[in-house]
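*Asks:* Okay, here's what each chain looks like letter by letter:
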Amino acid sequence: DAEITQSPRHKITETGRQVTLACHQTWNHNNMFWYRQDLGHGLRLIHYSYGVQDTNKGEVSDGYSVSRSNTEDLPLTLESAASSQTSVYFCASSESPSGSNEQFFGPGTRLTVL
Amino acid sequence: QKEVEQNSGPLSVPEGAIASLNCTYSDRVSQSFFWYRQYSGKSPELIMSIYSNGDKEDGRFTAQLNKASQYVSLLIRDSQPSDSATYLCAVEYYGNNRLAFGKGNQVVVIP
Numbered sequence: 104d105a106e107i108t109q110s111p112r113h114k115i116t117e118t119g120r121q122v123t124l125a126c127h128q129t130w131n132h133n134n135m136f137w138y139r140q141d142l143g144h145g146l147r148l149i150h151y152s153y154g155v156q157d158t159n160k161g162e163v164s165d166g167y168s169v170s171r172s173n174t175e176d177l178p179l180t181l182e183s184a185a186s187s188q189t190s191v192y193f194c195a196s197s198e199s200p201s202g203s204n205e206q207f208f209g210p211g212t213r214l215t216v217l
Numbered sequence: 002q003k004e005v006e007q008n009s010g011p012l013s014v015p016e017g018a019i020a021s022l023n024c025t026y027s028d029r030v031s032q033s034f035f036w037y038r039q040y041s042g043k044s045p046e047l048i049m050s051i052y053s054n055g056d057k058e059d060g061r062f063t064a065q066l067n068k069a070s071q072y073v074s075l076l077i078r079d080s081q082p083s084d085s086a087t088y089l090c091a092v093e094y095y096g097n098n099r100l101a102f103g104k105g106n107q108v109v110v111i112p
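Protein sequences, first through last, are from chains U and Z. In my numbering, each residue carries its 1-based index in the first sequence increased by 103. In my numbering, each residue carries its 1-based index in the second sequence increased by 1.
Please note that a few of the clues may not be correct.
Unchecked claim - Here are the simulated DSS-like cross-link-like pairs (lysine-lysine), alpha carbons at most 25 Å apart as the crow flies:
1) 68/Z <-> 43/Z
2) 68/Z <-> 57/Z
3) 3/Z <-> 68/Z
4) 104/Z <-> 3/Z
5) 3/Z <-> 160/U
6) 114/U <-> 57/Z
7) 114/U <-> 160/U
8) 104/Z <-> 160/U
9) 43/Z <-> 104/Z
Don't read these hints as lab results, they were simulated from the structure.
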């Protein structure tokens, strides 16, 4: 069955370290999104991509970067982790602008920055 | 900044009753609206999509959309303990597959 996976599911790191969170989908969806979810803020968009080689900043992109080298993967990199980036991170995907705009979420990664 | 408001606090309903959730949004041109269910410690799960004014029913769930008043609601009929979760309202803005989410409403179904 097609699915969207994230790894690792849990990560503890130290301030200043570079961290990469993986997202892989097998739906062949063009659109992929990264969100963070924090108490009191709900889901906020970090970065998104409409296809290979396309990346765009969301509302909370500072300190994060993404790259899209193939359809299946959109890794999220924290260049220098900060305690404020402790959060739960969700990856999502949707078909395309000309197809369904329903977004489906991965299981999430809980990141703790000490 | 696109706003999606879910102002109600936690909602407690007895088993078998109707749970009603409301959501308002700020962008008049939004055309796509979604309800997600999120269990504690889990990821959001899409339960309803609605694109036209009126009601859309799927099993025990009914979504209602009123674009003129800029609100969308979700009714859960015959509420079950398994419906206890946080429900997130999401609105597509800019017509480009980007979603703005409300902060969610917690529903507790009491057996």
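*Asks:* List in ascending order the numbers of the hints, as given earlier, that are violated by the structure.
*Replies:* Numbers 1 and 6, in rising order.
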